[in-house]
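**Q** Which chain is which? The protein sequence lines are A and B, in order. According to my numbering, the first sequence is numbered sequentially starting from 672. According to my numbering, the second sequence is numbered sequentially starting from 672.
Simulated from the structure, these hints should not be mistaken for laboratory data. There's no promise every hint is true.
Pairs involving identical chains hold if they fit within one copy or between any two copies, as the list cannot separate such chains.
[Said to hold, decoys possible] Calculated lysine to any residue pairs in the SDA-like style (CA-CA distance at most 20 Å, straight line): (1) LYS733 - GLU1093; (2) LYS679 - ALA1225; (3) LYS679 - ALA988; (4) LYS754 - ASP722; (5) LYS679 - ALA1267; (6) LYS733 - HIS926; (7) LYS679 - ALA1264; (8) LYS817 - PRO1185.
Protein chains: 2
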Amino acid sequence: MTYRAPVKDMLFNMQELAGLQALTEQIPAFADFGIDTAQAVLEECAKFNEDVVAPLNWEGDKAPSYWKDGEVFTTTGFKQAFKQFAEGGWQGLQHPADFGGQGLPKTIGAACGEMINSANLSFALCPLLTDGAIEALLTAGSDAQKNTFIPKLIDGSWTGTMNLTEPQAGSDLAQVRTRAEPQGDGTYKIFGTKIFITYGEHDMAENIVHLVLARVVGAPEGVKGISLFIVPKFLVNADGSLGARNDAHCVSIEHKMGIKASPTCVLQFGDHGGAIGTLVGEENRGLEYMFIMMNAARFGVGVQGIAVAERAYQKAASFARERIQSRPVDGSLPSAGPILHHPDVRRMLMTMRALTEGCRAMSSVAAAAYDAAHHHADAEICKQSQAFYEFLVPLVKGYSTEMSLEVTDLGVQVHGGMGFIEETGAAQHYRDAKILTIYEGTTAIQANDLVGRKTARDGGAFARSIAAMVEATEAQLLTRDSAAARAVQKRLTAARLAFVDVVNFIAANARSNPNATYAGSVPYLMLAGNLVAGWQLARSLLVAEDKLAAGEDAAFMSAKIATARFYAEHILSRAGGTRDAIVEGADSVTALALDAF
Amino acid sequence: MTYRAPVKDMLFNMQELAGLQALTEQIPAFADFGIDTAQAVLEECAKFNEDVVAPLNWEGDKAPSYWKDGEVFTTTGFKQAFKQFAEGGWQGLQHPADFGGQGLPKTIGAACGEMINSANLSFALCPLLTDGAIEALLTAGSDAQKNTFIPKLIDGSWTGTMNLTEPQAGSDLAQVRTRAEPQGDGTYKIFGTKIFITYGEHDMAENIVHLVLARVVGAPEGVKGISLFIVPKFLVNADGSLGARNDAHCVSIEHKMGIKASPTCVLQFGDHGGAIGTLVGEENRGLEYMFIMMNAARFGVGVQGIAVAERAYQKAASFARERIQSRPVDGSLPSAGPILHHPDVRRMLMTMRALTEGCRAMSSVAAAAYDAAHHHADAEICKQSQAFYEFLVPLVKGYSTEMSLEVTDLGVQVHGGMGFIEETGAAQHYRDAKILTIYEGTTAIQANDLVGRKTARDGGAFARSIAAMVEATEAQLLTRDSAAARAVQKRLTAARLAFVDVVNFIAANARSNPNATYAGSVPYLMLAGNLVAGWQLARSLLVAEDKLAAGEDAAFMSAKIATARFYAEHILSRAGGTRDAIVEGADSVTALALDAF
C-alpha cells in the first residue's frame, strides 16, 4: 500500500469543524448526507484510489503521456482507471442529480478530491478540469447546452478543459487574442492558439469539451471584450451523437518538471478553416463565467496541495519508521535505531503533518461554507457563508500550495540521499507540487484577490470579522487549564493581532500607496492562511480535549492535540515576523532601482 | 550569455568584509595576492566559466552522463571543458606551489568556486571532490603519497573521490562495513560496496583516486575502527606511470532528480579478488582524516548553494525585465509592462538577491578566517580564526543550501507557467539545488555539529563572542542617521538577542534535555546563519554608505544599501519566530507518540 486515505481525520473535520450535521439538518437536499453516508462514501473512495489510482502515480512519472501525430496517448493504465472512475460515478459526486450526479455536499466531495489527488495528481487533473467545466455550464450555459454536455461530462464519456492562456496572455487575460467570428447561424468560428491546456487532448474519453476564452470581432479591448465558447473536439449532433472532427488540434505537449502524466497541450483553433464554437451566456461576459470555473478549480488546486503533502508525509513517516541510523541522542535505545527517534526527524515529520492537517481543516470549513452559501434557505446565511468562502479560497489555494512545497521538500529531506534518487518516489512529489503555486492563478494572483477584492474593498471589515471569530476561539481556550490549550492560545492571539495589524495596514494604504500594499500581498496571504489553518487546529484541540476526557479514541485525540500544539508553537509563531516584514518593510521591497536588477 | 559572474560583488566582499588587504600584509605567502590579483583572477575565471562551462549546464540535464558496461560516459562537451579547466590551472588555485598549485588564498578561491558552480553544478562537482582529496592527502598522506598523487590531481590528469556511504551507512558512519585485509607488503585488499560516489567513474581523466573508508580486519566497532585508504582506479607504478586496473568497478549509476550530468556511482571493491589500497596516515584514524576532506567539501557545498541561487536569480531577473504582463498597480506605466514593475515580483527578486548576497558575504568572511587560521604567524590569531571558521562552516553549508531551495523556488515562481517547462531552465536549478541540503552531511548533521561541537561544548561561549561582534556592528549603525542604518540596526539587534536566547537555551539544556536541545538544532542553524549573513550585509551597508557619501560607484553602493535593508526587514525579521519555536516549542516536537506517525 503506497497511500492510505486519512479517512478518520477527514470525518473529524467534517463533523467537528465544518458542521456537517447542521448542513444535513438545515438543508433539505443534504438530509441524507450525514456522517454515516460520508463515512461510507469516503471508505469506498479510499478503496478505489488506494487500489486503482495510487499505483499508477510513479508509472506516470516514468512513462508520461506522449504526443504523436496530433494525438495524445496517456500513461498505460490511465484509460482503464478512468473507465472505473467514471463507472463508479465519482465525476458526478458533487453535481446535481438532474444531470446524473449524486448531489453530495462539497464538504464530502472535497475530501474525495483530496484522495484522488493524493493517489495521483496527474490523473486527478482530468476530473478536476471537468468539474470546472460542469460548474461553468451549470451557471452560464443554456438549457440545451446543459442537456447536451453535462450528462456526458458527468458519466465520464466526455471530459472538459479550460482554455485561457495564450503565449502573451498568462496572468494578464486582458491580452487574450483568440478571435471568434459570428457565422450568422448562432455559431462562431474560433481562431487562435491556446497554451498550457491540461488534458487538452487525450485518449480516455470519446470527446473533449473545450471551454475557450475568445474575443468576438469588434469586441472592446481588455477583459471586458472576452467571451466564453464551447468548442468540442468532435461536434455534437442534435441527437447527442458525435459529428465531425472540429478544427481544434493539439500540436504539441510540454516537457514539464512534474505532473508528467498530465498532458499539457498547445491547442490550435481554426488552422484549417475555423473551429466551430457556441457562445456560453452572453458576449463579453466570458471572464465572469470563467471565474466560476476558476474559483472551483482554485479550491481544487488548494486541495491538491493538501493531497500531495499528505502523500509526501506518509512516505516520509514510513521511511523514518524503517530506516536505521545512529543511536538516539536521549539514549532511549541501546544502539542505532529507526530515524524516527531523532528529534530533527520528528520536527520535520511534525511540520509536514501539522501543515497538512491545518490546511485540510481549513479546506473542510471552506467547503462547508460553500455548501451553505449555495443551498441554505436563509439569505443572510447564504451571504455570510459566501463571503467567508470567498475570503478562504485564496488562502486554500495560495497557502495550501505554498505549504506543499515546504512539506514535499521535507519529504525528500527525511529520506536523505535516497530522497534524491527518483525511484524512491519522494522527489516526484517535490517536482509535482511546484506547479500548484502557479496554475489557476499564481500565489501572487491569489494574493492580489485577497488584498484587493477581499480586504481593501470593504476597508478590511470582513477580515476583521474573521479575527473576531478567532478571538472567540481564544476565549474558549482561555477557559481550559491544559498546557496545550494555553500554549495554543498564546500563539493564536499573537498571530491574530499580527493579522489585524496587516489588515489595518492594507486598509490604510490600498489607495494611497498601492506599491507598499501589494509588496506585502503574498506575505499577507501566508499570514492569513497560517492564522486560519492554526485557528482550525485550535478548534480541533478544544474538541479533542473534550473527547479525550470522555474517553473517546484516546490515540487519535492525543495526536490531534499534539499536532495542534506543534502547529501553534512552530508555524503560527512565524506570524510576527511576517507582520513586521509587511508593515515595517514595505518600502524596501521597491527601493532598488529597476536597472539594478 | 546565460550567466555573468558577479565579480564586483565578490571583490567588494573580499576587500571590505573579508579583509583581503590585511591577509596580504600579514601573511607573507599571500603578499602577491591583493585586490588587483584577485580582480585579474576573477575576471579570467569568469570568462572561462561564462564561455565554456555555463553553456554545458542545460546540455548535461538533457543528456546526462550514462553508464555502459562498467564505464561512465560524461555529457558531450564535459571532457573538452575539463581539459581546458585543467590546462587553465584552475584545479590548483588554492593548493601549494610545491605540488604545482598556485597557492592563492581561499578568500579568492571560494569566489572562483562559486563561479564554476553557478556555471554548472554537475561539472563543478568533479573538481570539488578532487579538492577534498588533495586536502586530505596534504594533511594525512605520506610524502610518497603526496608526491605520487597530488601533482597529478592538481594538473587534472587524475581526479579524486570520497567513498564514505554504504547502503546501511549514510549519516551513521559507525555502520561502515567495507573491509581491509593487510597483505603484509604494506598494502591492503579492500572488499565492499560504496554508494553515492560522485564521479566515482568517468571519462574525463586518466585515473581516479578513490579515498575509501574501510575497517581493517580486527579493528574496533564503531567510528573508532575506521581507516582511510587510497584505492586508485589504476594502480600506480613506482615511476608514476599507470599500472594494472584495480579491482574497483562502477556497477551502476543513479537516476537522480538533479545534477544529472554528475555520475553518482555504486562502486564494488574487491569482487574479483580484492582492490589494492594503501593506508593514509594511521589505522583507525580514518574518520578524522576524512573530516578534513569533508570540511573542505562542506564549505564547498555551501558555496554551491550560493552559486545556484545566483544563477537562478540572474535567470529570473532577466525574465522579469522582458516578460510583459499587466499594468503596474501604481499606474507608473500607461499599459501592461515588464513584470519587474509588479511589487510581488520585486519582492521575490529582492528575496533571492538578499539571500544570495548575504550568504556570499558570509562565505567570503569564512574563507578569510580559514586563510588566517592556516597561514597567520600569530598563534592566537590562528586559533581564533580557526574557531570562527569552524563555527561558520555549518552555517555556510546548512544555511546557504537551505536558502538556495527558497531562491530556486522563487526563481521558478517568477517565471510563472514557463518556469515549470523544462526548456526554460529555471526548473533545473530547483531540482539541482535539492541535493545540496543532503550531501556532505544533511542540514541536520550540520546542525548537530553546530549544537554539539560548536555551541554546547564550550557552554555557548564562542557563540556569545559572535553575538558580541554583531553588537559592535550595531553600535556602528547607531552612529548613522540614515533610515536604512536605523532599520537594519533594529532588526539586527532583535535577531542577535534571539540568537543569544537560543544559545543560552542550548547551553542550559544540552546535557539535561538532549531531545529538547536537538529538536531545535536545525532552526538554531537557520537562525545563526540568518544572523551572520544579515550581520555581514549590515557591515556592507556601513561601507556602502561611506563610499556613496564619497561619491564612489553610486549605483553599486545604493544597491548594496537597498539589499542590506531588505535583508534586515524581510529575512532577519524571521529570527524572533525561530527563537520562539526553539525556546518555547521544544517539547511539542517530540510529544506525538512514536506509533502515531
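**Q** Hint by hint, work out which the structure violates, then give me just those numbers in ascending order.
**A** 8
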